[in-house]
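Top to bottom, those sequences are chains V and H. Start counting the first sequence at 1; every next residue gets the next number (my numbering). Start counting the second sequence at 76; every next residue gets the next number (my numbering).
Possibly wrong hints are sitting among the right ones.
[To be verified] Rough simulated footprint, nothing fancy, chain H against chain V, three-plus residues with beta-carbon under 8 Å: (1) 11–18; (2) 22–34; (3) 47–61.
[To be verified] Computed far set for chain H versus chain V, every beta-carbon distance over 10 Å: (4) Asn-135; (5) Thr-172; (6) Ala-186; (7) Asp-189; (8) Phe-227.
Please keep in mind that the hints were generated in silico from the structure rather than gathered at the bench. C-beta: ideal position from N, C-alpha, C; glycine also.
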Amino acid sequence: MSATSYAAESGVVLGVAFVLLAQQLGYLGLSDLVHAIEYLVIGGVVGGVLFGLIGWLLGHRYLQQHPNPVPPQSP
Amino acid sequence: MIGLNRWRPILILALVPAIVFLLALPALPLAAAAPAARPTEARPAVGPGFSANVYWNGANVAGAGSTSSAITLSSYTQVTVRYFWNYTDSPPGFSLTDARLAMTYFGFALATRDVPPIQGATASSGSFDMNWSVGAIEYVLAGTYKLTATLFSANGSTVWSESFFVHLVPPYSIGAIVPILLILIVIVEAIAVARSGRQAALRSTPSKAPPPPPASPPPSAPPSPPSSSAAAPVPPPSTPPPPPPEPSTPPGGSS
Chain V
1 MSATSYAAES GVVLGVAFVL LAQQLGYLGL SDLVHAIEYL VIGGVVGGVL FGLIGWLLGH
61 RYLQQHPNPV PPQSP
Chain H
76 MIGLNRWRPI LILALVPAIV FLLALPALPL AAAAPAARPT EARPAVGPGF SANVYWNGAN
136 VAGAGSTSSA ITLSSYTQVT VRYFWNYTDS PPGFSLTDAR LAMTYFGFAL ATRDVPPIQG
196 ATASSGSFDM NWSVGAIEYV LAGTYKLTAT LFSANGSTVW SESFFVHLVP PYSIGAIVPI
256 LLILIVIVEA IAVARSGRQA ALRSTPSKAP PPPPASPPPS APPSPPSSSA AAPVPPPSTP
316 PPPPPEPSTP PGGSS
């Protein structure tokens with residue numbers, strides 16, 4: 001699994017969690033089903049794309065800092 | 076240009092209906108566009124010859140029609156919801172029998188308070204109080220929710236309803252289960268994103284790592300047969316080798 005897809009998966013969860021947390025903190029209303037699903041889908045997509053890009057940048061930076069990466073040794 | 080001239084009549088024939096359709100689009104009664112144009116804030120559905128109001132601890136809920144103007148409700152608070160009604164027709168064409176207050180989340184009713192029958196509902200005007208509390212939900216959920224106050228007639232139809240928003244403040248501001256779980260999920264996933272750079276190293280290891288040196292056999296191991304393609308493979312013997320000949324001796328002995 002690449003850094004991009006790994007971070008994108010976390011980003012989808014983060015986007016959905018941010019929407020739910022915004023509702024729990026009082027910044028958003030999720031009382032209507034259609035609007036709630038719209039918010040969740042938008043949050044998941046935006047989170048996946050945004051954090052996928054962040055993951056790609058982090059992976060690129062990690063490979064620049066560690067030209068010869070050594071995989072972690074299993075015991 | 077020759078090709079464009081050849082396709083020009085077809086383009087004109089296609090553009091004319093499209094432009095006519097776009098010009099007539101605002102006048103078409105599209106059923107799908109009606110809910111999108113409707114404001115999210117629900118307006119009271121007033122029945123014929125009837126008007127009503129709801130007061131939340133003395134404040135009219137008409138001013139809490141959006142999430143930004145939601146009524147703040149702290150935990151452990153018992154709320155008095157007062158319904159006022161007034162028949163403008165005399166005699167009224169119906170009578171109130173039921174009042175309901177429902178809190179919705181994702182379109183489903185989380186908490187419903189129902190008061191049937193309404194005392195004195197046959198008078199031309201009146202009011203009654205409904206006590207309401209969040210209950211055990213305050214330990215689970217927080218945030219902004221839509222409440223709908225409804226008055227029903229004897230045949231079960233909705234005479235009047237109004238939606239408003241309430242902001243539930245949990246104990247210690249985040250002391251409900253769902254916000255705590257969401258914060259933990261956000262922390263765990265943020266750590267996972269911060270460590271996602273290593274995934275690039277793990278993925279690039281097989282392609283960028285130097286090839287492993289040729290394996291040398293251990294000194295105690297028996298020599299392996301040559302596996303190169305230059306040497307011809309030795310077929311296994313089909314029959315065992317003959318035993319060595321025994322020395323012949325005379326029958327008389329050696330003396």
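task = Sort out which numbered hints this structure fails and list those numbers smallest first.
result = No hint contradicted; all consistent.
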